[in-house]
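Q: Residues per chain, in single letters:
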Amino acid sequence: MACFITPMSFAIVTTIFRRKIPENLKISWLNIMMWGGVIALAVEHIVHEEIVFFPPFLTTMQTPSEIPVMLKEMAIIGGTMTIAIAGIWLAMVFISKKVNHTIINPVKN
Amino acid sequence: MLTIKDFIYYRSTILIFLLPKFLNNSRIFPCHEFKKNITQEKCIMWLITTTITAIAVTAIWYIKPKTYKLDILSLMLWGTSIMILVDHILGFEGGEFILLETEGLITNGTLLGIIMLIPIFIIWEILLITSKPKQKVVGGK
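Protein chains in written order, with this note's numbering: chain A, 1 to 109; chain B, 1001 to 1141.
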């Protein structure tokens, strides 16, 4: 329905505050992954006629009884998407730091 | 002279376009068989298409020079793959996992997968052109 709105909101926040986040956290990786997924999912939703180019833009908004279902989907599926991407980003940052550390400080025998 | 790296690069590019077509007609994901019983294609081909493209682009990124900004493209594709996977896992309502009904303007899952990739490739090309990598590759200042 509109699950991509949650990661999109998260991506907007992280993109706005990207300069305030430490550089070693590689926030650009998170932003790129988020925006890539959001753009592709938006296309999928347009093709499935869940997004329209006229108000209220989301087809579920036209039926008031479906709004709670949409909000639930945004929270559960959208929230899980955001957590999954953020988890992979954290894993990538952790691995890259580990690899760099190994290269700079090789283990002494 | 064609090097091994160039050969892998061209082969990967061909695979991006041919593999979804092969999978669609193969015994692994035979979408055409399900068409007999339902009116619309049920295979989640756009997940398969995006993941294959992400794997191929990551492989090319590892081989080719970093001036092509393939890291950005592969990150965007991996982000898309993860989001689609989560969407399908949580939206799964029993039955066979690989089957999900497709509705809307496009009923062909493979075509939808390719269309979903178009804006990502456009953004990557804009980033690539604005960073002027050609000068770096050719050897200009």
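Don't take each hint at face value.
What the hints assert, rightly or not - Across the chosen pairs, the derived CB separations fall in these ranges:
| # | chain 1 | residue 1 | chain 2 | residue 2 | range |
| --- | --- | --- | --- | --- | --- |
| 1 | B | G1104 | A | P64 | 35 to 43 Å |
| 2 | B | K1064 | A | K72 | 21 to 29 Å |
| 3 | A | E23 | B | G1104 | 25 to 33 Å |
| 4 | B | L1085 | A | P64 | 39 to 47 Å |
| 5 | A | S65 | B | D1071 | 42 to 50 Å |
| 6 | B | K1069 | A | I67 | 16 to 24 Å |
| 7 | B | K1064 | A | P55 | 43 to 51 Å |
| 8 | A | V52 | B | L1090 | 19 to 27 Å |
| 9 | A | I21 | B | H1088 | 29 to 37 Å |
What the hints assert, rightly or not - Here are the simulated DSS-like cross-link-like pairs (lysine-lysine), alpha carbons at most 25 Å apart as the crow flies:
| # | chain 1 | residue 1 | chain 2 | residue 2 |
| --- | --- | --- | --- | --- |
| 10 | B | K1069 | A | K97 |
| 11 | B | K1069 | A | K26 |
| 12 | A | K26 | B | K1064 |
| 13 | B | K1064 | A | K97 |
| 14 | A | K97 | A | K20 |
| 15 | A | K26 | A | K97 |
| 16 | A | K97 | B | K1066 |
| 17 | B | K1064 | A | K72 |
| 18 | A | K98 | B | K1069 |
| 19 | A | K20 | A | K72 |
| 20 | A | K98 | A | K26 |
| 21 | A | K26 | B | K1066 |
Stated by the list, open to error - Sample of chain B residues lacking proximity to chain A, with all beta carbon distances greater than 12 Å (derived):
| # | residue |
| --- | --- |
| 22 | W1046 |
| 23 | I1052 |
| 24 | I1055 |
| 25 | I1060 |
| 26 | K1064 |
| 27 | T1067 |
| 28 | W1078 |
| 29 | T1080 |
| 30 | G1113 |
| 31 | S1131 |
Simulated from the structure, these hints should not be mistaken for lab results. Cβ atoms here follow ideal geometry from the backbone N, Cα and C, with glycine treated the same way.
Q: Output the numbers, in ascending order, of every earlier hint that fails for this structure.
A: 1, 2, 3, 4, 6, 17, 19, 22, 28, 29, 30
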